Amino acid sequence: MSVAAPPDEAQGVDGPSEVATPGLERQSERAKARQGFLLGLPAILYLLVFFVIPLGIVVAYSFATRTRSGRTELRDWNLNAYARLGDDIVLTVAWRSLWVAALTTVICILLAYPLAYFISTRSAVTRNLLLVGIMIPFWSNFLIRTYAWRVLLDSDGLVTQMVQATGLSDGRILFTTNAVILGLVYGYLPFMVLPLYAAIERIDWSLVEGARDLYANGWGAFRRVVWPLSKPGVVAGSILVFVPSFGAYVTPAILGGNKEGLLGSYIVLQFLSARNGPVGSAVSVVVLGVMLLGTLLYFRSGGKNL
Amino acid sequence: MSKGVARSTAEPQGFSRWWLRGHSLLVFIFFYAPIVVLFIFSFNDSNAVGNWKGFTFGWYEAFLDNDNVQKSIWVSVKVCLFSTVIAVVLGTASALALERFRWWGQKAFDAVLYLPIIIPDVTMAVMMLVFFGETAEWFNVIPGVDLSSGLEKLVFSHVAFNISFVSVVVRARLANLDASMEEAAADLYANRWQAFRRVTLPQIMPGVIGGALLAITISLDDVVVSSFVAAVGATPISVYVFGMLRKGVSPLVNSVSVVMLTASISLVLASLVFSRATGSGREER
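Top line first, the protein sequences correspond to chains U and W.
Residue numbering for the first sequence follows the numbering used here, starting at 1 and increasing by one per position.
Residue numbering for the second sequence follows the numbering used here, starting at 1 and increasing by one per position.
It should be emphasised that the hints constitute simulated quantities derived from the structure, not laboratory data.
Each hint can be trusted.
Mimicking DMTMM-like on lysine to aspartate or glutamate, the simulated pairs with C-alpha atoms at most 25 Å apart in a straight line are:
| no. | chain 1 | residue 1 | chain 2 | residue 2 |
| --- | --- | --- | --- | --- |
| 1 | W | LYS107 | U | GLU29 |
| 2 | U | LYS32 | W | ASP187 |
| 3 | W | LYS78 | W | ASP67 |
| 4 | W | LYS78 | W | ASP146 |
| 5 | W | LYS78 | W | ASP65 |
| 6 | U | LYS259 | U | ASP87 |
| 7 | U | LYS259 | U | ASP88 |
| 8 | W | LYS247 | W | ASP221 |
| 9 | U | LYS32 | W | GLU183 |
| 10 | W | LYS247 | W | ASP45 |
| 11 | U | LYS231 | U | GLU209 |
| 12 | W | LYS107 | W | ASP178 |
| 13 | W | LYS107 | W | GLU182 |
| 14 | U | LYS259 | U | ASP156 |
| 15 | U | LYS259 | U | ASP170 |
| 16 | U | LYS231 | U | GLU201 |
| 17 | W | LYS247 | W | ASP67 |
| 18 | U | LYS231 | U | ASP204 |
| 19 | W | LYS53 | U | ASP156 |
| 20 | W | LYS53 | U | ASP154 |
| 21 | W | LYS71 | W | GLU61 |
| 22 | U | LYS32 | W | GLU182 |
| 23 | W | LYS247 | U | ASP156 |
| 24 | U | LYS259 | U | ASP154 |
| 25 | W | LYS247 | U | GLU260 |
| 26 | W | LYS53 | U | ASP170 |
| 27 | W | LYS53 | W | ASP65 |
| 28 | W | LYS247 | U | ASP154 |
| 29 | W | LYS78 | W | ASP221 |
| 30 | U | LYS32 | W | ASP110 |
| 31 | W | LYS71 | W | ASP146 |
| 32 | W | LYS107 | U | GLU25 |
| 33 | U | LYS32 | W | ASP178 |
| 34 | W | LYS247 | W | GLU61 |
| 35 | U | LYS231 | W | GLU11 |
On a predicted model such as this, the values are computed, not experimentally measured, just so you know.
Work out the full structure: start from the sequences and follow the hints.
The structure is reproduced here in structure tokens:
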């Protein structure tokens with residue numbers, strides 16, 4: 001999943017290096033810069049109109065005034081919406097989202113790490129086959145994959161019956177926070193497996209061999225060599241799982257109960273039912289902030305690929 | 001890479017080896033069991049979702065008879081096609097601009113281009129909702145644009161997030177290419193357009209097609225943004241299914257789901273086969 005190839009400074013950006021006069025060179029450089037700008041211009045304008053301005057409006061909404069009728073009016077700028085973020089309801093929902101996202105991430109690491117390790121120790125052919133096996137759910141329709149759990153968790157669904165058969169509980173998982181976590185783990189697990197695989201596959205196994213030669217046992221070699229070397233993958237996967245889980249809306253809407261919404265559901269509720277644009281916008285701004293912070297941390301930690 | 005020699009060291013011995021295998025098998029079952037069960041239950045002759053009563057094609061017949069479902073699929077296809085074409089053109093142009101040129105404001109554009117990828121769906125949805133709410137009158141002034149039908153809004157918002165995905169995939173391809181071919185073409189008095197048409201475009205084609213497939217997938221998958229901007233009478237299939245799920249499940253959803261899932265899995269396999277055939281190597285996302 002290496003998408004964010006860093007701009008390659010070394011190649012093909014300088015143009016012809018041997019130009020007779022420095023004046024000419026500067027001129028051609030300027031012409032090239034203009035061409036590049038013009039080439040990017042359509043996309044720049046598009047994103048300006050359909051992304052930057054909408055983002056600006058949401059930020060503006062978060063400081064705007066809500067009229068009695070539920071309209072948001074861009075006047076009398078205030079911080080009321082942000083003050084509302086301290087309300088018990090918002091804090092409870094935020095705390096639950098944080099907790100659900102964190103738990104989802106940890107479960108994904110526990111499930112994905114051994115699998116990624118297993119895949120990267122296979123022969124090339126098996127490895128590619130197994131990777132295709134991960135790719136298919138990765139690219140398949142998320143909504144439908146989430147819905148599939150509804151069939152399994154239905155009151156007489158397969159999983160419900162299996163849980164009942166063990167006698168440990170009544171098997172009622174659907175419409176609880178546990179079902180939401182299950183759905184999120186299921187939905188985002190491929191996002192954890194792929195970066196972990198990329199990191200583990202890159203490990204130079206002769207280092208492990210070296211550790212073994214120095215009488216490290218299997219666990220010691222793993223803890224001292226493999227784990228530290230695979231950490232960038234753990235960080236990348238964690239961000240790819242945590243961030244969408246934190247803002248999740250579809251999964252809780254399908255598998256969760258009405259009373260235990262997450263931040264994503266709360267934002268939707270503010271806009272579509274409560275008609276409170278400012279509060280909805282303020283929560284969106286905060287969620288976006290958390291996300292940006294997470295992503296920045298990721299790039300800081302040395303990750304280049306998204 | 002020559003890590004194969006020491007790869008055997010990597011595989012644990014004894015108990016942990018079997019534990020690793022068992023665990024991996026279970027995770028794969030976890031991945032596929034729900035999909036398989038959904039597939040089987042789409043043939044279930046019962047009004048309840050989870051209880052097996054017998055085999056029927058009834059839900060597929062109901063699917064074919066349902067005009068709303070058919071209409072939604074058309075909306076999805078139209079939105080997907082228009083938005084993908086626009087996103088591919090704009091995304092490829094911006095990838096070239098960023099990868100092959102140096103210009104003022106480039107860094108800022110680069111940063112903005114990443115935002116639609118990492119922004120949560122819900123935030124993007126809210127942005128589109130308030131944006132179209134505030135600017136609807138201005139758009140309706142433009143001849144030929146009618147936001148109230150909803151189709152335009154869907155296309156506009158899908159392009160807004162898909163430009164970035166296309167651009168990222170094409171850039172990954174461009175970064176691995178040597179610019180010297182283009183320079184050679186320029187030295188041979190090809191103008192910029194000719195150099196692009198004859199040299200660059202054929203080389204980046206796998207990236208462009210990969211980006212297009214990604215854009216198609218994301219456009220068809222999108223629920224949250226679409227459900228915020230869709231108008232009555234022009235709901236894409238994902239939004240329609242989401243609505244059905246929230247109202248209470250009928251097994252009709254199962255057959256619709258299987259059709260959608262088959263479509264998206266075919267897309268994945270097509271892109272895998274394609275990337276294998278063109279040797280573009282690792283899948284990008």
